[in-house]
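Visitor: These protein sequences, in sequence, are chains E, Y, Z and A.
Numbering of the first sequence is given in our numbering, commencing with residue 187 and proceeding in unit increments.
Numbering of the second sequence is given in our numbering, commencing with residue 108 and proceeding in unit increments.
Numbering of the third sequence is given in our numbering, commencing with residue 199 and proceeding in unit increments.
Numbering of the fourth sequence is given in our numbering, commencing with residue 529 and proceeding in unit increments.
To be clear, the hints were calculated from the coordinates, so they are not data collected in a lab.
There's no promise every hint is true.
Said to hold, decoys possible - The calculated lysine to aspartate or glutamate pairs, modelled on EDC-like cross-linking and capped at a C-alpha distance of 16 Å, are:
hint, chain 1, residue 1, chain 2, residue 2
1, A, K733, E, E214
2, Z, K222, Z, D276
3, A, K733, E, D212
4, E, K409, Z, E246
5, E, K232, Z, D345
6, Z, K222, E, E267
7, A, K733, E, E189
8, Z, K242, E, E391
What the hints assert, rightly or not - Which stretches of chain Z does chain E cover? Using the computed rule of at least three CB atoms under 8 Å from a CB of chain E, they are:
hint, stretch
9, 206-218
10, 269-280
11, 307-321
All C-beta atoms, glycine included, are put in the ideal place defined by N, C-alpha and C.
What follows is the residue order along each chain.
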Amino acid sequence: MAEMWISMGPQHPMTHGLWTLKVKVDGETIVDADPELGYLHRSVEKMGERRKYFMNTTLTDRLCYASSTTWTHCYTHTVEELMEVEVPVRAQYIRTIMLELQRLASHLMWAGAYMPDLGHITGALYFWRDRELFLNLLELPSGSRLLYNFIRIGGVKRDLPNGFEEKTERILKLFEQRLDEYSDLFENSKIFRMRTDDVGKFTAEQAKNFGITGPNLRGCGTKFDLRKHDTYEIYEEIDWDISTREAGPGYSDCFSRYMVRIDEMKESVRIIRDCFKKMPAGATLASRIPVRAHGEAFRRTEDSRGEAMMYVVGDGSDRPYRWKIKSPMFTTMSACPHYLKGYKLADIPAIMGSIDICIGETDK
Amino acid sequence: MDLVLLIFWFLASLILASAWAVVNGNDIVHSVVWLATVFLLTACLFIIADAEFLAVIQVLVYVGAISVVIIFGIMLTKRTLKGGEDV
Amino acid sequence: MNIDEFMQQLSSSKGVSNISKIRKNTVKLDLTKEESLDFFVSIKSEFEHCSLISAIDNQPDFELVYHFSCMNQSIVVDDSNCAVMLEAHIYLKREAPSVDSIANIWFGADWHEREAFDLMGIYFIGHPDLRRVLLPEGFAGHPLRKDYVYEIHEEEW
Amino acid sequence: MSLFTACRSMAEWTAEYLLIPIFNFQAGLFPPFSNPAGSVADWLGTDGGLDTLAWTYAVNIAFMVGMTNLILVIHLERKIAARIQDRRGPMLSLRSLRELKEDLAGEAPTWKFKDNYSGIGIIQNLVDGIKAITKELIVPTKADRFLFTMGPIIFISSSVFLLVLFPLSDRFAASSAPAGLMVIMAAFSIAPIGVLTSGWASNNKYSMIGGMRSAAQLMAYEIPLLLSMAGVFLLAGSFDPVTIVEQQQEGTWLFGLPMWNIIPQFIGFIVFMICILAEVERVPFDLPEAEAELVEGWTTEYSGIRYMLFLAAEYIRGFAGAAVATILFLGGWAGPWPVPPEIWFLIKVYLIIIFWIFIRWSVPRIRTDQILELGWKKLLPLSLINILIVILMVEIYPYFSNIITLPEVF
Chain E
187 MAEMWISMGP
197 QHPMTHGLWT
207 LKVKVDGETI
217 VDADPELGYL
227 HRSVEKMGER
237 RKYFMNTTLT
247 DRLCYASSTT
257 WTHCYTHTVE
267 ELMEVEVPVR
277 AQYIRTIMLE
287 LQRLASHLMW
297 AGAYMPDLGH
307 ITGALYFWRD
317 RELFLNLLEL
327 PSGSRLLYNF
337 IRIGGVKRDL
347 PNGFEEKTER
357 ILKLFEQRLD
367 EYSDLFENSK
377 IFRMRTDDVG
387 KFTAEQAKNF
397 GITGPNLRGC
407 GTKFDLRKHD
417 TYEIYEEIDW
427 DISTREAGPG
437 YSDCFSRYMV
447 RIDEMKESVR
457 IIRDCFKKMP
467 AGATLASRIP
477 VRAHGEAFRR
487 TEDSRGEAMM
497 YVVGDGSDRP
507 YRWKIKSPMF
517 TTMSACPHYL
527 KGYKLADIPA
537 IMGSIDICIG
547 ETDK
Chain Y
108 MDLVLLIFWF
118 LASLILASAW
128 AVVNGNDIVH
138 SVVWLATVFL
148 LTACLFIIAD
158 AEFLAVIQVL
168 VYVGAISVVI
178 IFGIMLTKRT
188 LKGGEDV
Chain Z
199 MNIDEFMQQL
209 SSSKGVSNIS
219 KIRKNTVKLD
229 LTKEESLDFF
239 VSIKSEFEHC
249 SLISAIDNQP
259 DFELVYHFSC
269 MNQSIVVDDS
279 NCAVMLEAHI
289 YLKREAPSVD
299 SIANIWFGAD
309 WHEREAFDLM
319 GIYFIGHPDL
329 RRVLLPEGFA
339 GHPLRKDYVY
349 EIHEEEW
Chain A
529 MSLFTACRSM
539 AEWTAEYLLI
549 PIFNFQAGLF
559 PPFSNPAGSV
569 ADWLGTDGGL
579 DTLAWTYAVN
589 IAFMVGMTNL
599 ILVIHLERKI
609 AARIQDRRGP
619 MLSLRSLREL
629 KEDLAGEAPT
639 WKFKDNYSGI
649 GIIQNLVDGI
659 KAITKELIVP
669 TKADRFLFTM
679 GPIIFISSSV
689 FLLVLFPLSD
699 RFAASSAPAG
709 LMVIMAAFSI
719 APIGVLTSGW
729 ASNNKYSMIG
739 GMRSAAQLMA
749 YEIPLLLSMA
759 GVFLLAGSFD
769 PVTIVEQQQE
779 GTWLFGLPMW
789 NIIPQFIGFI
799 VFMICILAEV
809 ERVPFDLPEA
819 EAELVEGWTT
829 EYSGIRYMLF
839 LAAEYIRGFA
849 GAAVATILFL
859 GGWAGPWPVP
869 PEIWFLIKVY
879 LIIIFWIFIR
889 WSVPRIRTDQ
899 ILELGWKKLL
909 PLSLINILIV
919 ILMVEIYPYF
929 SNIITLPEVF
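In isolation and in its complexed conformation, chain E is listed as follows (with noise of 0.2 Å):
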């Protein structure tokens, strides 16, 4: 049996969505491979010229369907910039807030996606499980489960309800936990560290010339991280670290990939302790809203898979002229034959998993 091509997807348990990635393999060694994609285009930015500004939220929160308010939220900070809108100090807390529990419940829907790739079903539902708990909370300041549409230009759409800390400092406590349980049968696990130690390995310099960024890159030790070093909101008075994993020196493997998002969440969970803890009174939007924007802006924050970016020009009129997106996933996926070159079939969902795709975002 000679070199052949094998086309996964775009109907694929491997691909998490719809692309395509051609796989030449000989025997069951990968020699080569060509991912596709296209499967999932909309033309947001197409779409988002012919929108006006505001409107255009609703486009952002469906770019990523695990971990919309991110994406809106970058939109909306870089329109802020645009239109030179001062965010009020309790709405940037709300935001922060509303973030981090959007990356905890993307980083579960990732945990969840990633264990049938390796096998393991029952690691899906367990962390499934726990995401749900995170949607409550997301359901309960901005009333629906998966398109938030909460945050706003100016601010967020309405006050925190009533015991919302409460109940989230319960669900916090009780997903501690549960992190806890899960070291035994996940991190611990011989099947679990022989499927992922030393499977899709890359440096750190590799990964900073592919483009790759976020947990990823973190993955390979590199302290990285725009909530600190572009930071935006109130990352910088609140008190947190930024979580590194290396699986040798200088390169990651699927398996520090996986713990850098596991220490994540367990920051994430910091974060969000030390929001309430500071939290003032106020306003929740800002007074003075315009319609119109001229200029450009450029802004950069850190989304659940990466850097997400959003380059807007306006030319005076109520939409934007251009409004470019950059998908952290984009430039990863790209580099998918460099990092997979030379392991086995079996490697490919353990590698694409572990880097977390998500294909609303890449396709745009």
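Dock chains Y, Z and A against chain E, hints included.
Guide: Positioned in the frame of chain E, the structure of chains Y, Z and A alone reads:
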């Protein structure tokens, strides 16, 4: 006619037919499956001859090893996926 | 190196004009199309991460905006740990929108260039594999151009 | 009274009062011609005819017991998996079906929710079977039609054949071949041909890789499996399940407990349990149908009742594997008196199956190269060490025991 003899002739003719199919098969995997049939029917012959242990060993060793032959058949021969590209 | 020293250093590079600091950590500059490749090679050691390539249809001409980020703290903003960004603008004529590819310098720029080619129709010279990335093969036109005509395509997609 | 004597008396009764009168009546219908029905009636009256009838009954009873067990195993798997995963599992009951009909007909619900859906859910398996039967059987256009149909036949028939091969006790057995366990292993070893042919004939790359993985796995695990069984055969001096179980009752251990083979041959037991898991293709060794990368492996292109029978056949193989482990290492049907030996046997088999279910739902799947490495580099030497221990026990220990009288530990 004796029942045992009847069964013997029946099995023997089946063995011969399968062996003919092994030789004249178009496809190597078809041939190998017919070969497995030959071995299985031979094991049945052994059972008729009251050599049960031999029959079991025949199945275990020869039929069990057929899958290896299939692998070699697939790996060492070039086959075109029907209506598609080369494998 | 402080960001102000870095701006001083940039001003001596060829093809660079209009250097300004638009945020405390972002340097904006204009580049000429001819000197762009040499300039990008020279900043590779500081800016090891190509963040974004956006193409803008400025009617009539095109504008390419490159964003690079410095992750290794070789350039700092005062005493904060803010990561520095470089924003380079290249203006292209509408008749021949082509520019040298940087996909061989930063691998991360590969798909950004493909996307700019796909949606805006800008040609990157020397790109290893310049084909459409989001739209299907054989799609007619480049939809993010302002003069793109909407029409219902009768093809199978 | 053994199963065969019971079946023999049943056969005598049915032959005398039911079958012979029927065949004689048929023979009397067309007197001018020599009618085969008459000779069949004559044959049924002979000893050989009654024996054949009795064997048919015995095989059918064993088969039915096996199939009933199959439903229980599938139900057990679903319920335990659900409990592990913090959910309830199937809870469909006959009452809920009736009230679903009322619901669909638009009638007012006459029930309370709690009372309605409180069944244990075992009819869910029957419902699934009915669903599978009613589905369309799809054959891919470019598949090899002959082998595509042959594959399931080989796989399912060789698996169902297993059901009548193992005895539930020394008296409840459909087959009593002296080479009993070797027949079981021979039947086990036919199935990979079915896997390979159906994987190859599907004309699908995923299916073919799944088939190849199955064959590679078979090659890596068949040898340690048989070698770990060889220790037991050496100790018992026989392939017969009855002899093996009786041999395990001979020695005693601490506090007069019977020394089952699991105690002297613990290494062999570990090797055998790992290998039989790989043989019946359960997690973590279900590489041929790894759904994460190979969609469904070699069963990708199958649909309807064929796919359902594949699943059922795998459970049958699992059940048979657990039964073999029980016979070889856990003392078979031996157990304290008030519980009948057949029930003891089923209890032990179900304990092993529950253990497998716990494994299945709490570990990930391992990789092809790792599974081969484990098989060739670790399990093969371990099984050889096990045989060495058994040889020492059989050959050297009696020599020493003549010199020093040890307390009866071994």
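Visitor: For each hint, tell me whether it holds in the structure or not.
Guide: Consistency of the hints with the structure:
1. A/K733 <-> E/E214: holds, 12 Å
2. Z/K222 <-> Z/D276: holds, 9 Å
3. A/K733 <-> E/D212: This hinted pair holds, its Cα atoms lying about 13 Å apart.
4. E/K409 <-> Z/E246: holds, 15 Å
5. E/K232 <-> Z/D345: holds, 12 Å
6. Z/K222 <-> E/E267: With a Cα-Cα distance of about 13 Å, the restraint between Z/K222 and E/E267 holds, given a limit of 16 Å.
7. A/K733 <-> E/E189: Holds, because 12 Å separates the two Cα atoms, which is no more than 16 Å.
8. Z/K242 <-> E/E391: holds, 12 Å
9. 206-218: With 0 residues closer than 8 Å to chain E, the stretch 206-218 of chain Z misses the three-residue bar; violated.
10. 269-280: n = 3 at 8 Å, threshold three: holds.
11. 307-321: Answer holds; 6 residues pass the 8 Å Cβ test.
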